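Read top to bottom, the protein sequences are chains V and C. Read the first sequence against our numbering and you will find it ends at 346, with the numbers running on by one and no gaps. Read the second sequence against our numbering and you will find it ends at 346, with the numbers running on by one and no gaps.
Worth flagging that the hints you see were computed from the coordinates, not collected in a lab. Any given hint might turn out to be false.
Treat identical chains as interchangeable: a pair holds within one or across any two.
To be verified - Listed next, the in silico DMTMM-like pairs over lysine to aspartate or glutamate satisfying Cα-Cα at most 20 Å (straight line):
id : residue 1 : residue 2
1  : K11       : E242
2  : K11       : E152
3  : K82       : E159
4  : K161      : D281
5  : K301      : E7
6  : K11       : D130
7  : K161      : E21
8  : K306      : E242
9  : K82       : E121
10 : K11       : E132
11 : K82       : E152
12 : K337      : E62
13 : K45       : D115
14 : K57       : E236
15 : K309      : D229
For clarity, every value in this text was computed on a predicted model and none was experimentally measured.
2 protein chains.
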Amino acid sequence: MNSFVYENATKIYFGRGGVREHLAEAVQAFGKTVMLAYGGGSIKKNGIYGEVTEALKAAGKEIVEFSGIMPNPTYRKVLEGKKMVQENGVDFILGVGGGSVMDCCKAISMAAATDKDVWKEYWIERGNVDFEPVPVGVVVTVVGTGSEVNGEGVITNEEEKIKTSRNYPRCNPRFAILDPEYTYSVPPLQTAAGGFDMLSHVMETYFSAPDGDNLSDAISEAIMRSIIDNLPLAIEEPENYEARSNLMWASSMAEIGIIKLGKRCDFEAHMIEHQMGAYTDCNHGMGLAVIHPAYYRRICKDGLAKFVKFAKNVWGIPGEGMSDIQLAYAGIGFFPKLVDLIIILI
Amino acid sequence: MNSFVYENATKIYFGRGGVREHLAEAVQAFGKTVMLAYGGGSIKKNGIYGEVTEALKAAGKEIVEFSGIMPNPTYRKVLEGKKMVQENGVDFILGVGGGSVMDCCKAISMAAATDKDVWKEYWIERGNVDFEPVPVGVVVTVVGTGSEVNGEGVITNEEEKIKTSRNYPRCNPRFAILDPEYTYSVPPLQTAAGGFDMLSHVMETYFSAPDGDNLSDAISEAIMRSIIDNLPLAIEEPENYEARSNLMWASSMAEIGIIKLGKRCDFEAHMIEHQMGAYTDCNHGMGLAVIHPAYYRRICKDGLAKFVKFAKNVWGIPGEGMSDIQLAYAGIGFFPKLVDLIIILI
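Extracted from the complex, chain V is given alone in its bound form (with noise of 0.2 Å):
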């Protein structure tokens, strides 16, 4: 096993009404201005604004509203986020959404706490943050990226069309809500780009070195069967807390930093998406459906053994009578099979 240093200060509360348990509890350490941040608005048709609104005056906060962060969260709007922490004093944001919501204010939160340009000195040049930024928390409503559990952020600069991701250890939320429940309201379609990101998160790091065999493989085997027969069954059954419930843990999972341990991690179909979100502002999970294929066809062959294990342990393919190369392309055809069925079900 390769070398690796290990830390996460995230505490994760999981479980059915998480926001009303522990919420106001877990905003207590921090100051008295509240940033709650939002996305286009649904968190006020589906009850959860109302929960978490509560929760904040009951633990005697005041609120300033920050909300339509968009998909593809832009830099832009990043400095509008840093303008109202600024002239609000704000002492800690509250991301209630999804990935965009959570990577958006841990970009605001750095760049309310420096006058450097951030995108510059942060996301292009990967400065060192030598300052704390505004404390984050989050509670999640939608699941994928997994940018609950560590210090990832995605922003899109429209002006240089260019979509990239840092991950600062700084910008770990302090605290992660996640009830299952809250993802219930999800549609089918966002169930299934979610779902297609988080697999691509584990596959990304399955698949690169080292092969050796090592716990981190077999572990991302496990949330990879988990996310492959939970996803079907969240967009059949939308309510179903069982399939909600593990597709949410299997989405922290693969991003809380476990199972890239000791693992090279390129990510190199994220990057090809990342370009192309930039293009196109085209749906994070739906892209990386379409790339993962295609790219795995192409470079399978310069890794057969490992798209062989893949083929066997992950979508449980016999492989009695097939060659290796058959048993690898068999495998990745599982992956579009997947996207079939849920085109299906939706």
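Chain V is fixed; fit chain C onto it per the hints.
Below, chain C without anything else, positioned relative to chain V:
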């Protein structure tokens, strides 16, 4: 998946040369006086003591030594450590050793920061730790307990004949340095005992409720297979880095909390072993190796489906033509076979 709250504050440095590369930096944040705690002195024979003291001196620390921590560390030893910390104004406790050293250090870190009788107040009465223990860091030289990544401490009160464990997150080591090469000199029997201990941690978790198909059980299966594959290898070739590193990480993974999330974890075999240990001072891992098969043969009829899954997924028994109970017994029976194999090897 059941609800849970998860946090883990320990920073892990994993890999070759960890002490030389990271120790001086890791202790930087803490005060000047470090209590270096260890066991019977094997670290003076294998060079670890020299590397550790050199790094501490390079970091400008003053060292106070506390040696002779025994297997099954006693409350009397904890009180001895408390005295040393208080009399020397110790700012930081560095434990160098295996589970006994780490557990003893955690109990000392609590005892030295309060006037209370910590055995009575926290190990027996399970009081709320409302004070900050003296910070602890660890350098692991023997694997098995997983104590390096949690707040657990197993302490024995010889007078009361009670050996028992408590887990206080405030006792999590601030950092853990895991260098697989530091375990090269662990003798075969102790390597085997550590292997059984970690296998036991995973089995206790795996066989506890809920039994529903979930990510925790799949990850547990992966960890158990890794231990079963690597333990005989590490005994046969003590300097096999792959085997030693896989075992080292499996030990931490078993106890870092991830597989326990949403599971009940009653740790029944451990409860039995602890009492055996309190009366006989037997080796913990060896005690578990005796208890598990006997206990599981007794209870397996009441959880047959899970024992069948264990036989198939962990031990790889195909099970054709076998009844469920035969299969369950075959799975449990592989455990003593692993013991036999290890007896032959050592």
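Hint-by-hint comparison with the structure:
1. K11 - E242: Close neither inside one copy (22 Å) nor across copies (32 Å); limit 20 Å.
2. K11 - E152: Both: 16 Å inside a copy, 18 Å across copies.
3. K82 - E159: within (19 Å within a copy, 62 Å between copies)
4. K161 - D281: within (10 Å within a copy, 67 Å between copies)
5. K301 - E7: For K301 and E7, neither the intra-copy (36 Å) nor the inter-copy (41 Å) Cα distance is at most 20 Å.
6. K11 - D130: between (23 Å within a copy, 19 Å between copies)
7. K161 - E21: neither (42 Å within a copy, 40 Å between copies)
8. K306 - E242: Between copies, since 19 Å is at most 20 Å while 30 Å is not.
9. K82 - E121: Only inside one copy: K82 and E121 sit 16 Å apart there, 48 Å across copies, limit 20 Å.
10. K11 - E132: Cα proximity of K11 and E132: in one copy and across copies (18 Å, 18 Å).
11. K82 - E152: Classified as within; 18 Å inside a copy, 42 Å across copies.
12. K337 - E62: neither (49 Å within a copy, 64 Å between copies)
13. K45 - D115: neither (37 Å within a copy, 54 Å between copies)
14. K57 - E236: Neither way: K57 and E236 sit 37 Å apart in one copy and 62 Å across, limit 20 Å.
15. K309 - D229: both (18 Å within a copy, 17 Å between copies)
Hint compliance for this structure: hints 1, 5, 7, 12, 13 and 14 are broken, all remaining hints hold.
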